[in-house]
Structures are given as structure tokens and as C-alpha cells.
Amino acid sequence: MDEKGVQSFLIIFSVIAFLLALTVILLFAIFQKRKNKLLREQQDAENRYREEIIETQIEIKEETLRNISWELHDNIGQLLTLSKIQLQNADDKPERIQEASETIGQCLEELRSLSKLINPDTFSNLSLVEALQLEMERFNRMKYLKASLSFSEADFALDNKVELIIFRMLQEFFTNTIKHSKADVLKVNVDFKEGVLKIDASDNGIGFDTEVKNADSGIGLMNIKNRATLIGADAEILSKEGEGTHFKLTYKKNEL
Amino acid sequence: MKIAYLFFIPLFLELLAAIVATITYRKYSGSNEKYFLYFLWYTFLIEITGTLIGYAFEADNYWVYNGFIISSFLFYFYWYYSILKRKRFRQTIVIFTATFLLVATYSLIYEDWSAYHSYTFLTGASFVLVLTVFHFYKLLNSDEVLIVKHKLSFWISTALLLFYMGMIPLMFLTVYADLNDISYLIIILSMNLILYGCYIIGFLWTKKEYNRF
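Chains A and B supply the protein sequences, listed in that same order. Quick note, my numbering runs 1271 ahead of the 1-based positions in the first sequence. Quick note, my numbering runs 529 ahead of the 1-based positions in the second sequence.
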């Protein structure tokens, strides 16, 4: 090989080698960067999910405390007051003692069901349907409104965290119904078929215009929507003034 | 060692890649990459035919390779068409294919049949480069970027990108600088090593669950 031939070979070879090295480095750098970004995003999403779960748990606990406070005040407190009055009047009418004893018995019964409801062990072992059933029973007992629950399947073994979030969404809806809607009937239907969970809750209250949201219900609605997105569910709230409110939730169980 | 023996190295690489592709076939049989199995064997057969004609019969074998250039680029276009789903990409591929066919026809009619059809090659190679970039773009914008080293299509695109990234400047530079046979051969050999090396790595590293589409 003459000198000129060697020279041109070296030039061409190094140009090509340089180009290839550059391509490889660029390719690697771009893919690595993108990969890191994606991993970071996944981590962030996971953190957000975890935070949301914790927040949901706290909210449910707060709600429970509020419910206990109500029950103690409205239910058990009233019964005890009644029995106290009955006993005060028992001096001249001994049959009142019997009545007072019955009232106290009733009070004990209420106390028992309340303690069962707020025991964390039973609560965390409940399925979604069972938890909803207890809520309905509580509404009926407290005579807030006439609540009923129907379901196609009692136990569909969703992820615990997902059930927690769904329960909280419904709880928020119920609270709104009781506080604002002036409804006297609440109907909940839980339908689980071929891996798709459909929950349908409706009241017969005053409803509201979904177009015009006031600040209060706006935040509540946003909360429900955000939570639905978080677990990949589809939530819809339909309402018209004077025609009650309708809450629809569709969640597809992903088979792993 | 005679220089002519060096010509058997690409042949050997092609055979090796085709054998590895056959052994690992079940890992990617469900994806569009399955056509590469047939393509690699086809390449090997063409290479053997060309070598036989060239060395055993000492006849002109350029027409074999020119035919191969056209068919291989058409194959690449078809493959990219099947894996790139975005409408804009597919339109581009259709335009590329039409342009390429025009250039190839022109070369077949007007260019000498006893030389490489460099226009056909350059057009096809530049288009394939663009398509590899499209494919990388698609991979970068999906979650698959996390498992990219287990995806066969990523390795095929890498192989094509590096090979043609080297071949295009080589084609241009040889016009200005006279390369003797052995220099040319060394460069071509290195490029083949990269091309089939990437293929083989891809076939070995790929995992079945990532080659579903």
C-alpha cells in the first residue's frame, strides 16, 4: 500500500469511526435521559398515590370521629337523658324504673353497635359492600334519611387501597346528601360484572345545577374527580335543580 | 492468508446472525420482527450466490447485489411501515417508497449494470436513516424506553442507524479519495461487524414479553 493510499484510508476510517462514536454516544445519552425522566415521573406518581391514600385514611378517621360525636350527642345522650328523667320521676311511680331500665338497655344496644362500628380491626377487615351496609344502617338508625343498598356480589376483592378510595368518594357524596340536599331517600346500587365495578348512588334531594358550582360543592366535586382519576376510575355526578343528585362510578379491575 | 478470504467474513457474520435468529425465533415470533428471520436467510443466500458467481465462475455479480439493494430497502420500508403507527410517519414512508422506486427504476434503465447503483443505495440509505430516527422518536415517547434494551426492534434500528451512518460518508468520501481494495474491505468489514453484532445482541437480549407489537 503506498503512502497516499494509507493516508486516505486513515482519513476515511477516522471520519466514519468518529461519526459512529458520536451517534452511539448521542443515542445513549438521549435514551438515558429520557429513561431517568420517566423513572422520576413514575416515582412521583407513586408518591402522590401514597400521599392520597394516607389523606383518605385520615379523612375517613375524621369522619368516623364526627359520626361518633353525633351519635353520642344525638342518640346515646338523648337516651340517657330520657332514662335520667324517668328515674327522677320514679319516686312516686315505681313502674318508671322498669321503663328507665328498658331505655338504658336500648342505650347499651346503641353503644354496642357504635363500638363495633368504630373498632379499627373490624373496620379494616370489612369489604366495600359491608362498609357501605354499615353506613346505610347508621343513616337509618340516626333517621337522617331512608337509605338502601343493593348489590350483585358482596365480595369482589379489589385492592384494599382502591376500595378505601372508592368508599371515601361515596362517603363524601353521602355527607353532601345529608348536609345539603334535604333528601329523604338514598339509594345505592353496587354492581360487579366481568371485572367491571359499577356503583350508582342517587338521592331525591333538591339537587343543584352542575353548571353553576358554588365554592363548597365545587371543591367536593373536584376531590371526587381527582380521586377517581388516581385509581383510574370514571366518576360522574349528574344533577339538576329539583331532581336529586346522581353519582355514577365505573371502575375496571385490572387483572394482573 | 489471501485477501480474498476476507470476503468470507461478512458471509460468516450473516450466517451467524441467521442461525441466532432461528434459534431465538420463539422470542419474537409474535411481532413484526419475525420477518427478519426470513430476511437474514435471504441475505445469506444472496451473498452466497454473489460470492459463487464472483469467485467460482469469475463472472459479473453486480446485478445480484443491485437487486438485493432494491429488495432490502423495500423490506426495511415495509417493516417500518408495519411498526410505525402514526399517520404522519406512514405517509412519509409511502412517499419515501415511491421516490425510492423512481430512483431505482432510473438507475436500472440508465446506469451501468456492471457497477453498484450508488444513487439507489444513497437514496435508500438516507431514507432508512430518517426512519430509524422516527422509530427512536416513537420509542422515546412511550413507556418502552424503560425496557428498550430488551426490545428487538430497538437493536435492529440501532444496527441500521450505525451501518448507514457509516456507509453514506464512505460512499461520498470514496469519490474524492481513492481507496484500494484492502482499505475498503477493512471498513466494510467493520461496518458489517457492527450491523450483525447489533442484530445478534438484539436476538440474544430480547425478551418475549416485550415483542408483542
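Source of the hints: derived by calculation from the structure; they are not laboratory data. Honestly, I wouldn't trust all of these hints.
[Unchecked claim] Calculated Cβ distances over 12 Å to all of chain A for the following chain B residues:
#1 L544
#2 I552
#3 W570
#4 I598
#5 K614
#6 E640
#7 S643
#8 D672
#9 E673
#10 L702
#11 Y705
#12 S719
[Said to hold, decoys possible] Straight-line Cα separation of at most 27 Å, BS3-like style, residue types lysine-lysine; simulated pairs:
#13 B/K737 to A/K1306
#14 B/K667 to A/K1308
#15 A/K1458 to A/K1387
Note that beta-carbon positions come from the ideal geometry of N, C-alpha and C, so glycine has one too.
Here is how each hint holds up against the structure:
1. L544: The claim holds: B/L544 sits with its nearest Cβ about 24 Å from chain A, beyond 12 Å.
2. I552: Consistent with the label, B/I552 stays out of reach of chain A, its closest Cβ about 27 Å off (over 12 Å).
3. W570: holds, 27 Å
4. I598: holds, 20 Å
5. K614: holds, 20 Å
6. E640: holds, 24 Å
7. S643: Consistent with the label, B/S643 stays out of reach of chain A, its closest Cβ about 24 Å off (over 12 Å).
8. D672: violated, 7 Å
9. E673: violated, 10 Å
10. L702: Per Cβ check, B/L702 is inside 12 Å of chain A; nearest 5 Å; violated.
11. Y705: violated, 8 Å
12. S719: At roughly 8 Å from the nearest Cβ of chain A, B/S719 sits no farther out than 12 Å, so the non-interface label is violated.
13. B/K737 to A/K1306: holds, 21 Å
14. B/K667 to A/K1308: OK: B/K667 and A/K1308 at ~16 Å, within 27 Å.
15. A/K1458 to A/K1387: Roughly 24 Å between the alpha carbons, so the hint for A/K1458 and A/K1387 holds.
Hint check: violations occur at hints 8, 9, 10, 11 and 12; the rest are consistent with the structure.
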